[in-house]
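Colleague: Below, each chain spelled out in residue letters.
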Amino acid sequence: MSKVLGLNGNAAAAHAMRQINPHVVAAYPITPQTDCVERFAEFVSEGLVDTEFVTVESEHSALSACIGAAAAGGRVMTATSSQGLALMWEMLYIAASMRLPIVMMVVNRALSGNINIHCDHSDTMGARDAGWIQLFSENAQEVYDNMIQAVRIAEDMRVRLPVMVTQDGFIISHAVERVELLDDDAVKNFVGPYRPLYPLLDVRNPVTYGPLDLFDYYFEHKRSEIEAIDNCLPVIEEVGKEFGKLSGRSYGLLEEYRLEDAEYTVVALGSTCGTAKEAVDRLRDRGKKVGLLKIRCFRPFPKDEVIRALAPRKGVAVLDRSVVFGGFGGPVFTEIRSALYDLPSRPLVIDFYYGLGGRDVYVEDIEKAFARIEEVVRAGRVEKHIDYLGLRE
Amino acid sequence: MPTLKELAKRPERLTPGHRLCAGCGAPIAVRLILAAADKPVVAANATGCLEVSTTIFPYTAWNIPWIHSAFENAAATIAGVESMYRAKRKRGEIEEEIYFVAFGGDGGTYDIGLQALSGALERGHRFLYVCYNNEAYMNTGIQRSSATPLGAWTTTSPVGRVLPGKTQWRKNLTEIVAAHGIPYVAQSVASNWRDLVAKAEKAFRTDGPSFINVLASCNRGWRHEPSETLKIMQLAVDCCVWPLYEVENGVYRLTYKPKEKKPVEEWLRVQGRFRHLLAPENRHLVEAFQRYIDEEWERLLKRCGEA
Numbered sequence: 597m598s599k600v601l602g603l604n605g606n607a608a609a610a611h612a613m614r615q616i617n618p619h620v621v622a623a624y625p626i627t628p629q630t631d632c633v634e635r636f637a638e639f640v641s642e643g644l645v646d647t648e649f650v651t652v653e654s655e656h657s658a659l660s661a662c663i664g665a666a667a668a669g670g671r672v673m674t675a676t677s678s679q680g681l682a683l684m685w686e687m688l689y690i691a692a693s694m695r696l697p698i699v700m701m702v703v704n705r706a707l708s709g710n711i712n713i714h715c716d717h718s719d720t721m722g723a724r725d726a727g728w729i730q731l732f733s734e735n736a737q738e739v740y741d742n743m744i745q746a747v748r749i750a751e752d753m754r755v756r757l758p759v760m761v762t763q764d765g766f767i768i769s770h771a772v773e774r775v776e777l778l779d780d781d782a783v784k785n786f787v788g789p790y791r792p793l794y795p796l797l798d799v800r801n802p803v804t805y806g807p808l809d810l811f812d813y814y815f816e817h818k819r820s821e822i823e824a825i826d827n828c829l830p831v832i833e834e835v836g837k838e839f840g841k842l843s844g845r846s847y848g849l850l851e852e853y854r855l856e857d858a859e860y861t862v863v864a865l866g867s868t869c870g871t872a873k874e875a876v877d878r879l880r881d882r883g884k885k886v887g888l889l890k891i892r893c894f895r896p897f898p899k900d901e902v903i904r905a906l907a908p909r910k911g912v913a914v915l916d917r918s919v920v921f922g923g924f925g926g927p928v929f930t931e932i933r934s935a936l937y938d939l940p941s942r943p944l945v946i947d948f949y950y951g952l953g954g955r956d957v958y959v960e961d962i963e964k965a966f967a968r969i970e971e972v973v974r975a976g977r978v979e980k981h982i983d984y985l986g987l988r989e
Numbered sequence: 033m034p035t036l037k038e039l040a041k042r043p044e045r046l047t048p049g050h051r052l053c054a055g056c057g058a059p060i061a062v063r064l065i066l067a068a069a070d071k072p073v074v075a076a077n078a079t080g081c082l083e084v085s086t087t088i089f090p091y092t093a094w095n096i097p098w099i100h101s102a103f104e105n106a107a108a109t110i111a112g113v114e115s116m117y118r119a120k121r122k123r124g125e126i127e128e129e130i131y132f133v134a135f136g137g138d139g140g141t142y143d144i145g146l147q148a149l150s151g152a153l154e155r156g157h158r159f160l161y162v163c164y165n166n167e168a169y170m171n172t173g174i175q176r177s178s179a180t181p182l183g184a185w186t187t188t189s190p191v192g193r194v195l196p197g198k199t200q201w202r203k204n205l206t207e208i209v210a211a212h213g214i215p216y217v218a219q220s221v222a223s224n225w226r227d228l229v230a231k232a233e234k235a236f237r238t239d240g241p242s243f244i245n246v247l248a249s250c251n252r253g254w255r256h257e258p259s260e261t262l263k264i265m266q267l268a269v270d271c272c273v274w275p276l277y278e279v280e281n282g283v284y285r286l287t288y289k290p291k292e293k294k295p296v297e298e299w300l301r302v303q304g305r306f307r308h309l310l311a312p313e314n315r316h317l318v319e320a321f322q323r324y325i326d327e328e329w330e331r332l333l334k335r336c337g338e339a
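Line by line, the protein sequences are chains A and B.
The letter at position 48 of the first sequence is residue 644 when you use the numbering used here, and the numbering goes up by one with no holes.
The letter at position 138 of the second sequence is residue 170 when you use the numbering used here, and the numbering goes up by one with no holes.
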């Protein structure tokens, strides 16, 4: 029997971690993730988990300890945010290259400078090329559900890669919502026992992790890593369906909201999707043919599914909650626009930078984005590819 | 303490065929330390000569489970491995006893890895950290570290018209580690097998963190013949530049006292990196070096109850 509780996103993640009961958690506190680590520390202190909780002296050491622990041969989790993820940057690539199934909860927070503790996606997007699977969550329920699925995805023998589950700082991490928790046993059975692969603790079969890899092999190793992350899309879908059977909440790579006959579409990630759904509903009431494409899985980028969802549209407005300084649009925009390029007839695509440093995004902002893309389509060409929502000029 | 004969019969954990230089002190230290372990060992390695020269893919010289991930984090990495071991023991998923060791050079330990080391020591993981100390960043081509002695030539403390090599004294890492109050801390040298093996054996058996700072010459960086390695390391000990001692549960003990304390000049003279110090205008530096050594030695003798 499942149980309904009032939880914020951090607590939802901590409960998922309690039910998963990993062998090792190594984590360091950082706003706004601290609440998750504190709650997990309470579970350890109360004996509700068997986890070795390693209270490291930095995020760099948090991920380093996770790498050692995962290579040793067991289930490993951590959590961080913003500067913490930035400090882990070096180790992110190493964790992925070693094919270690670490699960990390990331509370999305703006990167310094200036220092800011509120939500944007610059931290996670800065890690998008590191070889990790990245799942975004719209609300606390999705945080909980994604954490549990992440373990299965990461540890699948066809995948064996680390997974980031993200939630928006404060908007999700600190807002109490209705969250349905599965039974402890149901989660335990769903994730199953850990299956080690080349564990360091198998002292009779010694393995070498992290050798010097030069021009004669490094390239082939990167090629196999590219293949590994590309191959995991069907696994993410499979696990999402199986989770649906267990919980009644199915997950795919994307979520299409009132998209069937939509002419104009907004593309967004994370908590903004909730706001965008409200905007779509309001505009639909006014007779506008609009819809939302929510990207749940950003890495690997589900190109074919995105093309299928967006090809029939007249116009697409992408919402980017992080910037690429000096680039041609935000990270979501560049992926989307590039994916659509080969279509014989493709929608016009524009980008909006929005919500940096926790700037609120209102239903009206998203209505503006829809109005703009409609204008662009009417004009038949894009004059301004990149614009802003909610910015004082 | 095993005899030399017994040690020679133990399985090689770092096997021949690695590509460290002839005359390098590091593999001597590593082989002796690993031979001292009477149980299976899992090792972590910081980036450095030892790591790059022993694992060029698809080869490995390690006959034990081994992991390298980055430069500054050998202590955090082995802490993770050891935490997984404890988690698995607690759940009855693993039975046997295993030792854990991390190897880092002085760059990876004194400098970039100091924070991760301090954190792992404070948390009390059961592991041995070995600093193989060749007194500079040798892997990148002889750059000064905070373990480099006063006056030494390196490529980032070159000898020029204005500067006479490194202008700072080295920091005392062994004392910094001892200040963490961990159960076992020692200083040893790759040239004294009996001293090093005895300390490694003690360290492995310690129920908590242990640390050994091993002086291990780099003939390329110290500028001496490969055949001189053992002699020059031993000279460092006999000049009291590198005293051999241990701190067991806070109690200091000198493990080797030179019969006759030799002047540091004897050690400086045999290494190309100090050649410029022998010039008359640098006499004051040799004297300053000797003063430092004398003061450190006197302090140590007091701590060991020998003064």
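Just so you know, these hints were derived from the structure itself, not from any lab.
Some hints could be false.
Which residues of chain A face chain B? A few of them, derived with a C-beta cut under 7 Å, are [what the hints assert, rightly or not]:
| no. | residue |
| --- | --- |
| 1 | Asp646 |
| 2 | Glu653 |
| 3 | Pro807 |
| 4 | Tyr813 |
Just a sample of chain B residues kept apart from chain A, beta carbon distances all over 10 Å, derived [to be verified]:
| no. | residue |
| --- | --- |
| 5 | Ala111 |
| 6 | Lys122 |
| 7 | Ala148 |
| 8 | Ser178 |
| 9 | Pro215 |
| 10 | Ser259 |
| 11 | Glu280 |
| 12 | Trp329 |
Ideal Cβ positions, reconstructed from N, Cα and C, are used throughout, including at glycine.
Colleague: Each hint: holds or not?
Modeller: Results of checking the hints against the structure:
Among the interface hints, the one on Asp646 of chain A holds; its C-beta lies about 6 Å from the nearest C-beta in chain B, closer than the 7 Å criterion. Interface hint at Glu653 of chain A: satisfied, since its Cβ lies 3 Å from the closest Cβ of chain B, which is below the 7 Å cut-off. Here the hint on Pro807 of chain A is kept, as its CB sits about 4 Å from the closest CB of chain B, short of 7 Å. Among the interface hints, the one on Tyr813 of chain A holds; its C-beta lies about 5 Å from the nearest C-beta in chain B, closer than the 7 Å criterion.
Under the 10 Å C-beta cut-off, the non-interface status given to Ala111 of chain B relative to chain A is violated; the minimum distance is some 5 Å. The Cβ of Lys122 of chain B sits about 6 Å from the closest Cβ of chain A, inside the 10 Å cut-off, so the non-interface label is violated. Not every Cβ of chain A is farther than 10 Å from the Cβ of Ala148 of chain B; the closest lies at roughly 5 Å, contradicting the non-interface assignment. Every beta carbon of chain A lies more than 10 Å from that of Ser178 of chain B, the smallest distance being close to 19 Å; the non-interface claim holds.
Every CB of chain A is more than 10 Å from the CB of Pro215 of chain B (nearest about 20 Å), matching its label as outside the interface. With a closest Cβ-Cβ approach of about 28 Å to chain A, Ser259 of chain B is found to remain outside the 10 Å limit, as its non-interface label requires. Remark: the non-interface label on Glu280 of chain B is consistent with the geometry, its nearest Cβ contact in chain A lying 25 Å away (cut-off 10 Å). Remark: the non-interface label on Trp329 of chain B is consistent with the geometry, its nearest Cβ contact in chain A lying 33 Å away (cut-off 10 Å).
The structure is inconsistent with the numbered hints 5, 6, 7, although it conforms to all the rest.
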